[in-house]
Structures are given as C-alpha cells and as structure tokens.
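Chain residues, written in single-letter form:
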Amino acid sequence: MPERTTDADLLASARAGDDRAFAALVERYESAVAATAAGMLGPGDDADDVGQEAFIRFHRSLDHFRGESSLKTYLVHIAMNLSLNALRRRRRSVFRFISRDETPIESAEPSVGPDGNVDVEELRVLVRRAVSQLNEKHRAVVVLRMFDDCSTRDAAKILGIPEGTVLSRLSRAMKELEALLAPYIDSGAGVPETIR
Amino acid sequence: MIDHDESLANDPLAALVRASAPERFESGFRDRVAARLHAERQPALPAVLQRQFLRIVPIAAAASLMLAAYNWWGARETSSSPIEAVLNLPQITLASAYSPSVLYGAAAADTETQ
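Those protein sequences? They're chains Y and C, same order as listed. Just so you know, my numbering puts 138 at position 19 of the first sequence, and the rest follows in order with no gaps. Just so you know, my numbering puts 86 at position 82 of the second sequence, and the rest follows in order with no gaps.
This is chain Y alone, in the form it adopts within the complex (with noise of 0.2 Å):
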C-alpha cells in the first residue's frame, strides 16, 4: 500500500472489508498509539495487548468514525483509555507483579560514550523510566503531550479535564522529570545532539 494513501481512502477501503488497508492503518499509527500504551504501562506484554485492543476496537467502529477528530487522536484517545483501564486493574489486583516503577532509576546508570555523551538509547530508556515514576495523572499529561505531541486541548478531551489542568499538571510533571533526570542532564555526560 503507497505511503501517499491518504487516511481516508484507507478508512474507505478497510470499512468497504479490505483488511489490507486496515493493516495498513495499523502499522501508520502503531507508533501513535505504541507512545500511549507503552508511555502509560511500560514495555511489555500489557502494552501490547493494549495497542491490539485499541486497534480492534476501532476497527469494530469503523463506521461509527466520522472523522471530527483526526484519526490518531481517535486511536490515542481508545489507546490512552484502556491503558488507564488497564493500570486500574493492576491497582486492583491482589497478586501484584514488581512493578518496574520501584525500580530506582540509579539502577539503570547509562554508559558514557568516548566522546562524553551518554548512550542514546539508554538515556531513552532512562527517561522512559522516569516517567514511569511519575504518578498516573502527571504521566498521562506526559504521554499525550510530548510523547504523542497531542495538543492541549486534544489532551484535554482525551484526559476529560479542562486546558488549565492539562497545562498545571505538565509543568509539576516537568519538574518532577527534571529532578529525576537531573544526573544526567547536568553532569558532564552529557545529551547527545542528536536529542537535543
């Protein structure tokens, strides 16, 4: 399928049964939605099924979608609600697994490259785990606002409070990332460019 297909011959083409172009949608906003789910549950296999079930869901109301919000929102949105569906029933379950939210985060001390900076991937990881230390309401504003690069008011709608809440709760969630980040951010290893 070209990747010029806009989304609405695609959502034509999947509604009229052309699993093709609904696979097609999905491997589009696999990151979109994999930002929301694995953002808010961490990687893993509750992420995953997250992410399935935020697709199927929507492909179950492919004819109800009449497109006021843009499809990623859309999916975002189903993503961002059973993923915080998703974190209730872990709250309520009696068998708790370690939550890798007590993982402190010195325990994962990225390596510092030849030329001083640490390595990529492990200050993503780094700050993944940071926003999984966030509480649940800070690391939704998080997830939507600067992992999927929601607007405030999308995040907003999705979150179901108002703008000032969305815009209050980044900036104490902000903070916080910035505590927890700061060994890496001030020390001499420093970010690399290509993330800065």
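Incorrect hints may have been included.
Result set (SDA-like, lysine to any residue): computed pairs, CA atoms no more than 20 Å apart in a straight line [claimed, not checked]:
{"no.": "1", "chain 1": "Y", "residue 1": "LYS294", "chain 2": "C", "residue 2": "PRO16"}
{"no.": "2", "chain 1": "Y", "residue 1": "LYS256", "chain 2": "C", "residue 2": "ASN14"}
{"no.": "3", "chain 1": "Y", "residue 1": "LYS294", "chain 2": "C", "residue 2": "ALA23"}
{"no.": "4", "chain 1": "Y", "residue 1": "LYS191", "chain 2": "C", "residue 2": "ARG22"}
{"no.": "5", "chain 1": "Y", "residue 1": "LYS294", "chain 2": "C", "residue 2": "ASN14"}
{"no.": "6", "chain 1": "Y", "residue 1": "LYS294", "chain 2": "C", "residue 2": "LEU17"}
Derived from the structure by calculation, the hints contain no laboratory data.
Given the coordinates of chain Y, assemble chain C onto it according to the supplied hints.
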C-alpha cells in the same frame, strides 16, 4: 491562560522527553492485530449454538404438531378429552388401574386367566 508550548519548544528536557517516546511495539504487531481480528470474526461457540438452535426449533415444533395431529386423529372418538387424544394417553379407569395386568404386568394377567 499561560501556554507552555513555546517554553517547552526550546527546553532541552522537553526535547529529550519527546525523543524518548516509545516508537513501536515488539515486531510483528500488525500480524498480531490481524490474527486477533481474524479470531474475532470466527463465530463464538454460544453464537453457533444459538444459530443451530434457531434452525432446529421450527423443525421440532412442526414435528410435534404433526405427531399431536396424528394422535388426535387416531383417538378423537375414544379419548375423553382432546388433551388425552393429542398426547395419546391410554384411558385409565379405577378398575383398570388395579387390574393385575397393570399392577403386576402382562405375565401375571396370563396366569390369572389360566
């Protein structure tokens, strides 16, 4: 309302967080979604049972009606009530209920006559 968008645009921490977004699921995600979609299209057992049941019900009802009509037609003059006729119930009186053939079976009736 203060929008933090502009301040975040030049914030190195914001850039770092943005660049750290999880990009993809484990490889084969598209296939896993397709497989789940396929599985969802396969009818579930309760749905199959319901469909089969709905198919069988009219046939069973028609057969029951035919049997009832047949019974009624054969016993319409001998039965005391239409229900007995429809259900093909044998006529039982107090005397016949206590007869040896009913109480002890056909063999006992035979020995009695001998």
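Cross-check of the supplied hints:
1. LYS294/Y - PRO16/C: Holds. LYS294/Y to PRO16/C sits at ~13 Å (cutoff 20 Å).
2. LYS256/Y - ASN14/C: Given pair LYS256/Y, ASN14/C is violated - Cα atoms ~24 Å apart, limit 20 Å.
3. LYS294/Y - ALA23/C: holds, 18 Å
4. LYS191/Y - ARG22/C: The given pair, whose Cα atoms are some 17 Å apart, holds under the 20 Å limit.
5. LYS294/Y - ASN14/C: holds, 15 Å
6. LYS294/Y - LEU17/C: Measuring from Cα to Cα gives roughly 10 Å; hence the hint holds.
Checked against the numbered hints above, the structure breaks only hint 2 and satisfies the rest.
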